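**Student:** Take a look at the letters that make up each chain.
Number of protein chains: 6
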Amino acid sequence: MKDIYIADLTTFDEGKLFDGFFLLLSKQQRTTKTNKPYICLMMCDKTGQLEGRVWEPGDPRIAKDIDRGDVVKARGCVSRFDDRVQMKVDQIRKALPNEVDKTDLMPSTTYDVDGLWKQLTGFIESMTNPHLKGLLNAMLADQGLAQAYREAPAAKQLHHAWLGGLLEHVVSLLNLADRVVPNYPILDRDLVLTGVILHDIGKVRELSWDIGFEYTVEGTLLGHIQMGMALVEKTIEGLPGFPDRLKTLVLHMVLSHHGKLEFGSPKLPMIPEALVLNFLDDLDAKMQAVAGEFDKCAREGKPGDEMTGKVWALDQRQLLNTRLWLQGESK
Amino acid sequence: MKDIYIADLTTFDEGKLFDGFFLLLSKQQRTTKTNKPYICLMMCDKTGQLEGRVWEPGDPRIAKDIDRGDVVKARGCVSRFDDRVQMKVDQIRKALPNEVDKTDLMPSTTYDVDGLWKQLTGFIESMTNPHLKGLLNAMLADQGLAQAYREAPAAKQLHHAWLGGLLEHVVSLLNLADRVVPNYPILDRDLVLTGVILHDIGKVRELSWDIGFEYTVEGTLLGHIQMGMALVEKTIEGLPGFPDRLKTLVLHMVLSHHGKLEFGSPKLPMIPEALVLNFLDDLDAKMQAVAGEFDKCAREGKPGDEMTGKVWALDQRQLLNTRLWLQGESK
Amino acid sequence: MKDIYIADLTTFDEGKLFDGFFLLLSKQQRTTKTNKPYICLMMCDKTGQLEGRVWEPGDPRIAKDIDRGDVVKARGCVSRFDDRVQMKVDQIRKALPNEVDKTDLMPSTTYDVDGLWKQLTGFIESMTNPHLKGLLNAMLADQGLAQAYREAPAAKQLHHAWLGGLLEHVVSLLNLADRVVPNYPILDRDLVLTGVILHDIGKVRELSWDIGFEYTVEGTLLGHIQMGMALVEKTIEGLPGFPDRLKTLVLHMVLSHHGKLEFGSPKLPMIPEALVLNFLDDLDAKMQAVAGEFDKCAREGKPGDEMTGKVWALDQRQLLNTRLWLQGESK
Amino acid sequence: MKDIYIADLTTFDEGKLFDGFFLLLSKQQRTTKTNKPYICLMMCDKTGQLEGRVWEPGDPRIAKDIDRGDVVKARGCVSRFDDRVQMKVDQIRKALPNEVDKTDLMPSTTYDVDGLWKQLTGFIESMTNPHLKGLLNAMLADQGLAQAYREAPAAKQLHHAWLGGLLEHVVSLLNLADRVVPNYPILDRDLVLTGVILHDIGKVRELSWDIGFEYTVEGTLLGHIQMGMALVEKTIEGLPGFPDRLKTLVLHMVLSHHGKLEFGSPKLPMIPEALVLNFLDDLDAKMQAVAGEFDKCAREGKPGDEMTGKVWALDQRQLLNTRLWLQGESK
Amino acid sequence: MKDIYIADLTTFDEGKLFDGFFLLLSKQQRTTKTNKPYICLMMCDKTGQLEGRVWEPGDPRIAKDIDRGDVVKARGCVSRFDDRVQMKVDQIRKALPNEVDKTDLMPSTTYDVDGLWKQLTGFIESMTNPHLKGLLNAMLADQGLAQAYREAPAAKQLHHAWLGGLLEHVVSLLNLADRVVPNYPILDRDLVLTGVILHDIGKVRELSWDIGFEYTVEGTLLGHIQMGMALVEKTIEGLPGFPDRLKTLVLHMVLSHHGKLEFGSPKLPMIPEALVLNFLDDLDAKMQAVAGEFDKCAREGKPGDEMTGKVWALDQRQLLNTRLWLQGESK
Amino acid sequence: MKDIYIADLTTFDEGKLFDGFFLLLSKQQRTTKTNKPYICLMMCDKTGQLEGRVWEPGDPRIAKDIDRGDVVKARGCVSRFDDRVQMKVDQIRKALPNEVDKTDLMPSTTYDVDGLWKQLTGFIESMTNPHLKGLLNAMLADQGLAQAYREAPAAKQLHHAWLGGLLEHVVSLLNLADRVVPNYPILDRDLVLTGVILHDIGKVRELSWDIGFEYTVEGTLLGHIQMGMALVEKTIEGLPGFPDRLKTLVLHMVLSHHGKLEFGSPKLPMIPEALVLNFLDDLDAKMQAVAGEFDKCAREGKPGDEMTGKVWALDQRQLLNTRLWLQGESK
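Chains as they are written, first to last, in this note's numbering: chain L, 1 to 331; chain G, 1 to 331; chain R, 1 to 331; chain Z, 1 to 331; chain F, 1 to 331; chain E, 1 to 331.
Keep in mind the hints are simulated off the structure, nothing from the lab. Predicted model, so just to flag it, every value in this text is computed and none were measured. A couple of the hints might just be wrong.
No distinction is drawn between identical chains; accordingly, a pair holds when it is met within one copy or between any pair of copies.
[What the hints assert, rightly or not] With a straight-line Cα cutoff of 30 angstroms, these simulated BS3-like cross-link-like pairs (lysine-lysine) come out:
no.	residue 1	residue 2
1	302	94
2	247	310
3	260	302
4	46	102
5	310	94
6	247	16
7	118	16
8	296	247
9	234	73
10	27	234
11	260	46
12	27	302
13	73	302
14	310	234
15	36	247
16	156	286
17	36	118
18	102	36
19	27	310
20	88	46
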């Protein structure tokens, strides 16, 4: 485990020494105005990212072989200029395998991934339609895919933008869907749950999360909806006897889950299960944005009787923390 | 109870006699091309509406004193022209009080109103915030308001456009909200339930349902959101000690429940409870539209492997009945 | 070949006899106001569609076994009411196999299909990239797919809504693209041509053209873009060594060819070839709509110095026939 | 009266001493990179706002009891860094009551408030409808409300964002309306004037102007339209015999005065008086924006033959000063 | 003067004889179902338009030489079918010159055109800028243009769609502008008045009003804004010494008077005079639509306590007649 | 020819001396914080623009008579602060006539202007319609207009924003149009070519390019579409016998070439030639933006397997360089 995190460094005074492990996001050669070369490094861990500068690139303690994507061990001191904090790096080398836990180097879910996975498979177990159950089991039987599903963030930025975020989002939605489905007898529970589990599965291809969170070029050109449909379609082709119409409905749920053409779904939800999936997905993402904003205000010590900042995921709306505001009155 | 309904008449052959009770929606004097006067009547009951014509207005069996809004007893025969059906009315008079049950004359909920009311008051009982509970009880203690709440349709057309429709919609939403709230710990359950019960209460003023369903002029000029807020605000003023901030939040939920400026809410939901109210209200209305469309297709004998007609409440989208379509394959 | 076409019938006087072959689009049992049963038939051929009525369903000359989708031989006389023309059908039976050419029964391209196909394959021959050439040849080697490609209309209504319309539209686009490509050195000609040939291939699944032109349920739920991508993806999987990146680009061209999210392309064109494909596809469809409108005006005898009617495919714009209008002046 | 204004300070050279009265908008404890504590103060007066820094918080000449909202007397010197000007504060204490005129501390109208008020009451006197006159007089008889009406800005930023701005805007509109009404005989003058006087009255609750101009939380959640309607409605309830329909029309004018759903009016103007109110309110705001931009250009010495900067209130449009541009030619 | 108007005919009983003058809008040869030829005529006068049918085209009393655009004298009787009224024409011939006043044959202004013209020239007289005065006088000195200005409708349908409508609209706007201008000292009165007089002058080319009101082909292709600018520009070229900048401003006012790109003004108003012109033009058109709708309701006997029908010029809004509705209460 | 370009200076180290010719875009007197006067100069040449500062304005080597728009000779050294580069100017004077080539001082086309002009006139020669040919020759016979056509940029920023850009854009479009026209027999080639040559001709008035590229005030108020139409209309008036209808069509092509009301064309293309002009103009501009972005990435050394930056002219879309990306795979 790491001892020093970037969030700690940003509170250090000028000149204070540090020694820690980071993920190297980028490395650039530059020269000063007086033509002296130096190296500019962008490093991150699970608490954030920070720029570092190597002023003596020729120093033997500065490893030559480090590159974008490496986990590194760096030593130096904190430098402050105006309100900006930087690391002045005096020594740096590649970390040894196992010297540091990779989950310390990028933001990741605060839930236990095994626990989430158990919930997911529990929901699959509870289904009764053999074809849908078979489809889901076949997909998760692909070790690479299952591992990616456990690791993938749900987004580059915005909601659930952390390792394990996709799984966390899906499990939250499964629980919500399981509550809502009994209210509407026309809904086919197995189909709704299948839609929940598969709707974002293309994100395991659309995003890469080895070195920070990035869209792959393929992901940019095709999008996770198309990539997810291709994954599902290919798996179904390996399942003899999977009914054609059921396949169409599953694909339709993935295709339509953004709910509007301008949000990237080329077809609107046309079956009740797809309609519910779109609503719940949207509600869950927004409630997550609300809760996240309230947490952020709490961390920043904002008083409870003020509106929050503008929230991107809610059309730049400001929010009010009901509980804190009402408490302020009763005092 | 009525014996003959308008829905029956429309299946009658030319010339078949009938004898029944109807609500008179309008009455107009007209003349034929050859200048002969006749009377054109629009009549309805809970199964629909139909035009009737009195060709002998001077006949003593045609009561002179009938007018828009009267319940009438009419006798005559069915007349068909092209695909249009009309009533040829030979006798007509005002109905006696109690000769017919008013709920037979306009479409009304298929649920038991007392049962719905019991659910509603049960939810109020389950609340813990004394101010909100007090507010709801004070509003329902107004006999006129409570009676209107039991009777009002939820809309002139579209979703829940029948007597008792408002109550039916609210109770459906209460059950849905009660399921969803536990999924999000930041939600104040009492506030969500209060919002559900009050969000559409202005409809008891916006609409009139004595003679068909109509918007009142006041309702057209001010809308149910504003009318509902005025009702709530006035009631709160009679409740000493009702906290100012809590009042603001209740009003905000009513004000923002349509969710978008272009849908008539001048403020967007800015507290989590208002956000959830808007989502669930929208979801419930849409699921009701889906179920209603499926029922309509079943009544019309449409085959299960076709898309439905275009559904107004879902942006003219066509839908597919999942269950029927899948059954069609397994056969 | 047929002797009498629906377009001819609509000019007949009341009571004139006819005898011809038609495609039966629908058949409904009905009763008159006086409860007499009759049969309502919708029939079409390549010149249009017309309603027919059988007033004596029990007549032995009225075959019982005819149904939606059958080619029939009908005899009767023309009936006119107001401005509506109908067929009064006295005899009807299924046509014998080969009694009539199916292409006479639905609108179809005025071009020679074999000639169009030769142009198409000629363009494929002219390509140099072995992978793209291989992909196209593999797709057209599937006999069912090739046959469907030759037959499919390009739309249910609007542009190229006739048998062979897809092929006609593609060949027109190939010629246009072949002219434009040399103007822009950054374009990869083979990629553009591949995009042209494959962009609408999903229409062979989205539409059915056995009995009139209809969207299939699968087509309504998934759309031709998605269906086309699935076809392409599956074919590529059977081609060993097809480069991954090239596959992504081909799929991107199909996915993005509608050019805007609100037109059903979930991704905008992001490579120059996709941009050009979207422009030329749009231009060709609009030029076809212009030419079609001018033809229609000529058929209807509209004077050349007036604006045309409103053209749906051009946002309800009215057009002016340059040539005719200028001729009007010089006279 | 104050001697030194913030607008003066911004022109001072580095190190020049000052001594003046300001309103304290915020006060924050901070530390330097070397962990030395200092205080950051935001201060304003009617000419603008400026940041001040106290580098020796322990100095006995730095009062401990000053806080957000206090009027303070501060002494120090001007500090310039890059293009930013700051106050280096050496002494600071609360101002004594009456040591300074509060209207010097925030931007306020350049008109005489008593004169504006007299015009307003003069217009009320000129009205003939006793109910509307009674309503307006009843509202202004509330001393708190009348005082707030005299002080309130019309906005936080944008048009009339200064003390007395609401009153100034209303009186300008009254004069404009009084000119326009005679042109349209269908208009009820008293109703138009009532609408002008009440349309923005909710701003006395929506905004706070004690310490700068801010939206209250209640104002953010409900908006001035709703708050104004509640004020009007409550006053009318205290007026026996006020006609119901007249009340509905007055409320409708307030409700609809923004003219579009997307501008926050949930109902469009549906009576001619409301239509005119919306037009004139919009015109007056825009003409004020034009005049304001021309003044700003004059102050900044912009030449008269150039377009102005982009004007926010006119959709980022650039304007041209007709008079100056024409003068430029005749020279 | 005419004795019988089309508005009268529509109230006639079946078979009643008439004899009157009309303008022939169109003439079409047709045949009945039994192949008998007849002629269908569309005729109008200032009160409306009505279809006539000549069942005996060979009758010598039916003139052969009548054609679209002729003023005709027709005799026959009224025929009613369902709710449709037609003229059965037994005799028809061209009217003699001066047998009828052309202003009786198309809807025209209810104002005295000479009086309106006097107001217009009076406003020009009141101006002080010699260049603008010279421009206006030069334009009106063109006899053809002046005559067209007096006759032209302001639109094909919608507001001021009658002979003299353009002049009536301009004079109404002049009076309105004259009231509003003094409220804003930055406005140049002469420029505003010039803009009012010239803004719609292109309509004398865009529309034709010889035979009903129609857009010319040139008007459809170029629009009245462009055509008006060409007229103004050409006139200015004949005025030596007209300042370039002033010309630009006058053209800018014409160009921008629709106020938005999507309303056909390619530039937004960028000088205060253009801004005011756009507002007042829009306000006047809408107030005219309101007054027109109230008149229509009065003619149709609609009760005063109802909303009007949907008004096209006000985005399909329903309106309420303030005066009538309030009267309804006080009764 | 110049020796030193601004693009060179930005790579210089601190303090390095230079000596060069520049165009003076602006000159402002300022004072330092300590009240010392200095001069701030903005200078450009064809490779970019850079700020210079004169710290000793009284030095006799600093010419007093230089002003905005002058070509100057400046001597000094490079100064770097953070990442910003400036010129410290020690000597400056007006350049002598012919000391420097003006085309070195602003960005200009990389094509040979005479060659482009020859292509343009060649296309005119190839036309057969004598009126259109006469119109084009008459316009280019105006020496001032022809010279402006050769020099004008096609835009202030964005596509073809360099001297000669208009001509370059038109010639590119002529070649494209010449390829596309034969594909559509309904097109009148001469009309299309005329539209291409004249569509943007108003830019010679809308823009000024003496001192940088700016919109003229007239250009801002009227736009190049209107200015171009006025030029064309005036020329046609000097051509006896030019057919009216042909004139209308030419004007319509200029007027409608932006294709949408919201893009500033008050009429949509309504003849096929105008439709094609709008499409090809748009396609050519976008292909130019794509090629330009790829060039920029190449200059900046961006790797070929990444998406480009966001491209303004393509709705902020990111692009991918097909060729480079595919090459990356085959390696």
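**Student:** Now tell me, hint by hint, if it's right for this structure.
**Tutor:** Hints and how they fare:
1. In this assembly of identical chains, residue 302 and residue 94 lie within 30 angstroms of each other by CA distance solely across copies; the values are 26 angstroms between and 40 angstroms within a copy.
2. Taking the closest pair of Cα atoms, residue 247 and residue 310 come within 30 angstroms of each other only across two copies (24 angstroms); inside a single copy the shortest separation is 41 angstroms, beyond that limit.
3. Taking identical chains as interchangeable, the C-alpha atoms of residue 260 and residue 302 lie at most 30 angstroms apart only when they sit on different chains, with a minimum of 28 angstroms there against 36 angstroms within one chain.
4. For the identical chains of this complex, residue 46 and residue 102 are intra-copy neighbours only, at 9 angstroms inside a copy versus 51 angstroms across copies, given an alpha-carbon limit of 30 angstroms.
5. In this assembly of identical chains, residue 310 and residue 94 lie within 30 angstroms of each other by CA distance neither inside one copy nor across copies; the values are 40 angstroms within and 34 angstroms between.
6. For the identical chains of this complex, residue 247 and residue 16 are neighbours neither inside a copy (61 angstroms) nor across copies (52 angstroms), given an alpha-carbon limit of 30 angstroms.
7. Taking the shortest Cα distances, residue 118 and residue 16 never come within 30 angstroms of each other, neither inside one copy (44 angstroms) nor across copies (67 angstroms).
8. Taking the shortest Cα distances, residue 296 and residue 247 sit within 30 angstroms of each other only across copies (27 angstroms), while inside one copy they are farther apart (42 angstroms).
9. In this assembly of identical chains, the alpha carbons of residue 234 and residue 73 never lie at most 30 angstroms apart, being 43 angstroms within a copy and 46 angstroms across copies at closest.
10. For the identical chains of this complex, residue 27 and residue 234 are neighbours neither inside a copy (39 angstroms) nor across copies (41 angstroms), given an alpha-carbon limit of 30 angstroms.
11. In this assembly of identical chains, residue 260 and residue 46 lie within 30 angstroms of each other by CA distance neither inside one copy nor across copies; the values are 34 angstroms within and 37 angstroms between.
12. With identical chains, the CA atoms of residue 27 and residue 302 are at most 30 angstroms apart between copies only, with a shortest distance of 14 angstroms across copies and 36 angstroms within one.
13. For a Cα distance limit of 30 angstroms, the shortest separation of residue 73 from residue 302 across copies, 29 angstroms, qualifies, whereas the shortest one inside one copy, 35 angstroms, does not.
14. Neither within a single protomer nor between protomers do residue 310 and residue 234 lie at most 30 angstroms apart by alpha-carbon distance, with minima of 42 angstroms and 33 angstroms respectively.
15. When the C-alpha separation of residue 36 and residue 247 is checked against a cutoff of 30 angstroms, the pair qualifies neither within a copy, at 63 angstroms, nor between copies, at 46 angstroms.
16. For a Cα distance limit of 30 angstroms, the shortest separation of residue 156 from residue 286 qualifies both inside one copy, at 16 angstroms, and across copies, at 29 angstroms.
17. Within a single copy, residue 36 and residue 118 get their C-alpha atoms no closer than 56 angstroms, and across copies no closer than 52 angstroms, so neither meets the 30 angstroms cut-off.
18. Taking the shortest Cα distances, residue 102 and residue 36 never come within 30 angstroms of each other, neither inside one copy (35 angstroms) nor across copies (37 angstroms).
19. Taking the shortest Cα distances, residue 27 and residue 310 sit within 30 angstroms of each other only across copies (23 angstroms), while inside one copy they are farther apart (33 angstroms).
20. Taking CA atoms no more than 30 angstroms apart as the test, residue 88 paired with residue 46 passes inside one copy only; the shortest distance there is 20 angstroms, against 40 angstroms between copies.
Hint compliance for this structure: hints 5, 6, 7, 9, 10, 11, 14, 15, 17, 18 are not met, and every other hint is.
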